[in-house]
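Student: For this one, chain A is given, so just place chain B on it according to the hints.
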Amino acid sequence: MRYLIPLAVFVFMVIFLGIGLTLDPREVPSPLIGKPTPAFSLPEVSRPDETFTQERFKGQVSLVNVWASWCVSCRQEHATLVALSRQAIVPIYGLNYKDERDAALKWLNGLGNPYVASAFDAEGRTGIEWGVYGVPETFVVDRKGTIRYKHTGPVTPEALEKNILPLIKQLQAEPV
Amino acid sequence: MKGLMLFLFLMIPYGVKAVEIREFPSPDQQTRYERLIDDLRCLVCQNQSLADSDADLARDLRDEVYQIIKSGKSEEEVIRFLTDRYGDFVLYRPPLKPMTVLLWGGPFLLLTGALVFLVSHARRRAVTTVSALSETEKSRLTQLGLDQPDSRP
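Protein chains in written order, with the numbering used here: chain A, 1 to 176; chain B, 1 to 153.
So that you can see chain A by itself, here it is in the shape it has in the complex:
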């Protein structure tokens, strides 16, 4: 009995600290889930005369990937995105965040371009509207232009298989 209370307190703390270890403090839940994509109007990276707005996301399920040529983790996920774009399951749009056009174009030419189009957000104002706090970030947007999921950090093949692709298939199966 004497040792029961300290033991109970210890076990309780171990359980809670254990749960704490499985959580990622960098993962901040986005309040934008379930909300329409924030409005923006930006030039495209490859075609500066073309305007890219949130209207582009309407009519089909899309993946919106926030990237930048200065972002090291983006390099890590790039091959995964290129492979995904080849499978033609879902159109991938890019939001080029606080980048320089030349550097961005060099990146796309050198490493491959998985994007249907990338919006050029040099000042990062659109990034703030989307609640971007660490590049890369990836959003799943449904046919109505509503944000349904956000993935923070590089997209890994595991994250694709486990979370992103099943959701995309489910959203694509939803009646129009």
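No lab work stands behind these hints: they were computed from the structure. Careful: at least some of the hints might be erroneous.
[As the list claims (entries may be wrong)] In silico DSBU-like links for lysine-lysine, alpha-carbon gap of 30 Å or less:
1. K106(A) with K35(A)
2. K97(B) with K150(A)
3. K35(A) with K73(B)
4. K169(A) with K35(A)
5. K35(A) with K138(B)
6. K97(B) with K35(A)
7. K98(A) with K73(B)
8. K97(B) with K98(A)
9. K73(B) with K97(B)
Since we're looking at a predicted model, the values are computed, not measured.
Tutor: Quick look at chain B alone, frame taken from chain A:
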């Protein structure tokens, strides 16, 4: 030794902030701006406020806060702007919601629990001490003339 002390003394950052110089139409707005950026959390360096952080995003968010305050809007509007995009995470003082009840009530719950434990423990202890007087202790008390409560000198 003196040199080392002086060196360490100089190493203390006297509340150094990564803040830009801002001009406001009124000193009142300046106070509001400074209070806000001290009270909002940077998302990149999660243990720093917007005022402390030198992260690129913190600088951009300070700009946003500055623009909103300068345009004459209230502190609530700044907070709504940030929580709409980044969630309650940016607030060092999260609002009282069903999800945060334990967070706000937890310390009081712990305090009550500790008090209850303390009182019951103290009582139990008091009882055992009284009943635990041995025969020798009792005779010693009689010897000292302290066995009767009213016989105290």
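Student: Now tell me, hint by hint, if it's right for this structure.
Tutor: Here's how the hints hold up against the structure:
1. Taken as a hint, the K106(A) and K35(A) pair is broken in the structure, with Cα atoms around 34 Å apart against an allowance of 30 Å.
2. A C-alpha spacing of about 23 Å is found between K97(B) and K150(A), which places the hinted pair at or below 30 Å, so the restraint holds.
3. Between K35(A) and K73(B), the direct Cα distance comes to roughly 25 Å. Compliance with the 30 Å bound is thereby established for this hinted pair.
4. For the hint pairing K169(A) with K35(A), the CA-to-CA distance comes to about 20 Å; that is within 30 Å, so the pair holds.
5. With a CA separation close to 79 Å, the supplied pair K35(A) and K138(B) exceeds the 30 Å bound.
6. Taking the CA atoms of K97(B) and K35(A), the gap is about 20 Å. The hint holds against a cut of 30 Å.
7. Distance check on the hinted pair: K98(A) and K73(B) sit about 27 Å apart at the alpha-carbon level, within 30 Å; holds.
8. Note on K97(B) and K98(A): the hinted pairing is violated, with a Cα-Cα distance of about 35 Å set against a maximum of 30 Å.
9. For the hint pairing K73(B) with K97(B), the CA-to-CA distance comes to about 25 Å; that is within 30 Å, so the pair holds.
Of the hints listed earlier, those the structure fails to meet are numbers 1, 5 and 8, in rising order.
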